[in-house]
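Visitor: Produce the entire structure from the sequences given, and follow the hints as far as they go.
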Amino acid sequence: MHGSSFGLGLRKPHYADFLEGESSVPVDFVEVISENFMVAGGKPRQILRQVRERHPVALHGVSMSVGSADGVDRDYLRRLRALVDEIEPMIVSDHLCWTRIEGFNSHDLLPLPYTEEALDIVCANIAVAQDLLGRAMLIENPSSYVAFDDAPMTEWEFLDAMSERTGCGLLLDVNNIFVSATNHGFDPHTYLAGIPADRVRQIHLAGHSRGRTMLIDTHDKPVPPAVWALYEAAITRLGPVATMIERDDDIPPLAELLDELAIARRLARGEARQAA
Amino acid sequence: MSLLALQRDFRAWLAEESHEAAARFGDAARPGLDIYLNNYRSQLVACLSETFERVRQWLGEERFLSIAAAHIDLTPPGAWTLDAYAQGFPDSLERLFADAPEVAELGWLDLALAEAFVGPDGPALDAAALGEVDWDDAVLRIAPTLATRAFVTNAAAIWSALSAGEMPPPVKHLAETATILVWRKDLVSCFRTAEPHEADLLALAGDGATFAALCAQLIGRLGEETGVSAAGALLGRWLGEGLVVGTE
Chain R
41 MHGSSFGLGL
51 RKPHYADFLE
61 GESSVPVDFV
71 EVISENFMVA
81 GGKPRQILRQ
91 VRERHPVALH
101 GVSMSVGSAD
111 GVDRDYLRRL
121 RALVDEIEPM
131 IVSDHLCWTR
141 IEGFNSHDLL
151 PLPYTEEALD
161 IVCANIAVAQ
171 DLLGRAMLIE
181 NPSSYVAFDD
191 APMTEWEFLD
201 AMSERTGCGL
211 LLDVNNIFVS
221 ATNHGFDPHT
231 YLAGIPADRV
241 RQIHLAGHSR
251 GRTMLIDTHD
261 KPVPPAVWAL
271 YEAAITRLGP
281 VATMIERDDD
291 IPPLAELLDE
301 LAIARRLARG
311 EARQAA
Chain X
2 MSLLALQRDF
12 RAWLAEESHE
22 AAARFGDAAR
32 PGLDIYLNNY
42 RSQLVACLSE
52 TFERVRQWLG
62 EERFLSIAAA
72 HIDLTPPGAW
82 TLDAYAQGFP
92 DSLERLFADA
102 PEVAELGWLD
112 LALAEAFVGP
122 DGPALDAAAL
132 GEVDWDDAVL
142 RIAPTLATRA
152 FVTNAAAIWS
162 ALSAGEMPPP
172 VKHLAETATI
182 LVWRKDLVSC
192 FRTAEPHEAD
202 LLALAGDGAT
212 FAALCAQLIG
222 RLGEETGVSA
232 AGALLGRWLG
242 EGLVVGTE
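So the sequences go chain by chain: R and X.
Plus 40 on top of the position in the first sequence (first one is 1) and you've got this note's numbering.
Plus 1 on top of the position in the second sequence (first one is 1) and you've got this note's numbering.
Bear in mind the hints are in silico, worked out from the structure with no lab data behind them.
Be aware that a few hints might be false.
Only pairs whose alpha carbons sit at most 30 Å apart, straight line, appear in this in silico DSS-like list of lysine-lysine [as the list claims (entries may be wrong)]:
(1) X/Lys-186 <-> R/Lys-83
(2) X/Lys-186 <-> R/Lys-52
(3) R/Lys-52 <-> R/Lys-261
(4) R/Lys-261 <-> R/Lys-83
(5) R/Lys-83 <-> R/Lys-52
Guide: Set out below in structure tokens:
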């Protein structure tokens, strides 16, 4: 059902576009940050309910922390389950990372060493999460700024094994592959070739910034040409996959993001990026 | 290194900038660790700046950022939601500005309004059903987002002026402590200064006292005729403002 669908992230500057227009915004789905709507009530929940009346919704989380050595937070999962039950999302996803340990929460997507121990922990945590949520999740590859050189697995090998053991799907962030490949010096096409194509259910596209020493996953710019090129390679290998564009800072008018999404649609049809 | 040990070292780097912990990741990791540290602190500063906008305006950007940084040094975040990180900041303001209570009061108001915005939904008031209510036995259902605090300064007036982009009044210590009420009506957070006795009556109602018991309180304070009429006026105001969302 999600194969050839194209969506955008729902962000505050575009609420009116999504809710007030006579016709729906021309997207196949919208993705929201789950935690922004895991609140007791008020306007955020009302907005999400209204958007859900117009569009399928994907819930994308940043705080599940499937990589925590001390397990997942069951209170968090129960709250997410309540949101899932209300919104009936097409996708529930989070990241291959950790954010929390022993009562400390970093609110950032921190890197994991790709070891057998970490794989066991991540798989156990995903199993608990999927059980409590009553559904399979998608797990996204993160951008990273630290690599653990003594880890025996590559990220794509880890994702493959994780997906195989837990049954979870994969959310492939093409920008994150590009950022991490540049930062850590691996070939992004080798990464793509190592990903189990049949497990990828969604693709993220975004822009990044050049920091002093590394690329930073800032989501504050249009998708750059190098990421479009990698997306083209990804869909050639994966076939039709639900694709969305993330923009979290310096957010432009919705029309600009729809223009970017049109590029993704053209590439998915096998047309050139610049074609009208 | 076990995953738990690695994560403890990462926490020590982010929360305490422990160079000893950072060194265990190796020299090559340092540029990346700096990026994570910057991300961590930037997120928390952004959370405080966004939630405590009037405090930031009142203190000025530079001073606010310095206080936010000191708070972050002492108070690592614990909850899964970034919104919860704001909850400890008014206590820091109270400690740091013991001689300027308007700062903590502004902070409390910023936070209370933000929390009311996403607080629990109350039931929709059924105006038609009010005509059928037996007021002798009725218990008022108070807005679930109601929060109150005693103010010793005119911080509420300062907050309003800053919010409207106007020159705020100078700080004034009130002759008598005022109670500020914060709640959400429909989808909008609002606040006002409580009338004399009003906060006590709202607290009584919140504890399950009947409307008749509230009337008795007012009659005891104001006399029969004035008390009854004051109770009716208060009830009408509470219903109109969304402070009362129904009866039980």
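Visitor: Hints first: check each against the structure and report whether it holds.
Guide: To see whether the hints hold, each was checked on the structure:
1. X/Lys-186 <-> R/Lys-83: The hint holds at about 11 Å.
2. X/Lys-186 <-> R/Lys-52: Status holds; Cα separation ~21 Å.
3. R/Lys-52 <-> R/Lys-261: Within the cut-off at roughly 17 Å; holds.
4. R/Lys-261 <-> R/Lys-83: OK: R/Lys-261 and R/Lys-83 at ~28 Å, within 30 Å.
5. R/Lys-83 <-> R/Lys-52: Satisfied, since the Cα-Cα distance of roughly 12 Å is no more than 30 Å.
This entry satisfies every hint, going by the numbered hints stated previously.
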